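K.L.:
If you want the building blocks of each chain, they are given just below.
There are 2 protein chains.
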Amino acid sequence: MQGDERLGQAMEVFWERGYYDTSIDELMERTGFHRAEVYGRFGSKQRLFEAALRQYRENVIRAFVEPLARPDASLADVERFFHGICDRATAPKRRRGCLMVNTASEVSPHIPSVAAIVTSFLEELRGLLRRACVNARKRGELRPDVDVDRVADYLVGAVLGLWGLARSPAPETMLRHYVDGVLASASGPRRRGSRPRRR
Amino acid sequence: MQGDERLGQAMEVFWERGYYDTSIDELMERTGFHRAEVYGRFGSKQRLFEAALRQYRENVIRAFVEPLARPDASLADVERFFHGICDRATAPKRRRGCLMVNTASEVSPHIPSVAAIVTSFLEELRGLLRRACVNARKRGELRPDVDVDRVADYLVGAVLGLWGLARSPAPETMLRHYVDGVLASASGPRRRGSRPRRR
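Chains C and E supply the protein sequences, listed in that same order. To convert, note that position 118 of the first sequence is 101 in the working numbering; the numbers rise steadily by one, no gaps. To convert, note that position 138 of the second sequence is 121 in the working numbering; the numbers rise steadily by one, no gaps.
If you're looking for bench data, these hints aren't it; they were derived computationally from the structure. Note that the coordinates shown come from a computational prediction; the quantities given were computed from them, not determined experimentally.
Since copy identity is lost for identical chains, a pair holds within one copy or between any two.
Below, a list of computed lysine to aspartate or glutamate pairs in the DMTMM-like style, where the Cα atoms sit at most 25 Å apart:
1. Lys28 x Asp4
2. Lys28 x Asp8
3. Lys121 x Glu62
4. Lys28 x Glu(-1)
5. Lys28 x Asp(-13)
6. Lys28 x Glu9
7. Lys121 x Glu106
8. Lys121 x Asp132
9. Lys121 x Asp163
10. Lys28 x Glu(-12)
Taking the hints into account, I'd like the entire structure generated from these sequences.
P.N.:
And the structure:
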């Protein structure tokens, strides 16, 4: 396996088991990395984890925020984004949740360099959601007086809630109802009679 | 220290550090338990954790679900409940989040007996929120056609989102805006012109 494939394998192990429950022995067994390589290339388990988390952001998160990536993304794209997370979250491996959101709770209170990666992700996510709300307001899909900063904050929290539900033992219907509630809420400040355009 | 006080100390350690990052050595140092006692009384670190989690539910969660405990709890009580979590979550030790919600993500995918405790908590929470919605609907605070099962599922997810935000590096304003969004959404299916009664 190439180095990046093995880093991808390490990402999978951390995603499934979390940071603290993953031993160097398990990483070596499941990735093919040798101990000397882990320390030589990364310096420590923590640095390997940070590299895996960056790779997760680059590869996995890039795919799930794709609906929000277009500069003209609007309310229908926010809906696509949440339904996309819900589909991933209820797929067979759903119990893994999102490595970044798991890390926000498990690791970021203890390791500042990891908290910095999580903060940067939360800011990016908030920025994408805020831009979609600004676009929706301009198009009249949201009321002109809607506070896009508040809605963006709400939606970031909703993403954390959804991934939290996904990794918990909550039943799948709860995830679906949760997303329906979030989307009804996000489009609540919608102009009367206006529906978001679908592409 | 009495046994239960030491169990309370163990609860605090797990709450702050999580299950996997807490070693038996740290538990002994911070609780006064001796190794032989941990194994003699509880059998394993896992069983000690489960006892601490049950104590957390009994002592800490009982306090934070108090607004929903009255059989006639209604929409104003749901609001008090969420504002109460938000106040706890933004207090100086807020970065700890909620031990039960942290555990739902960190431990329950791996240990079925822990998942059972989390499931029981989620069901209790859902039941309390659902009852408050039924009462609110009866009183005309929610529209007569509102689906209380969907709203209850949404609100359970919202609790997980709020505690997830609390343990993440998200700024405090984000938590406040999130709660405002949740409450606006929960009372969205409210009858026009009706406001929940405050006691």
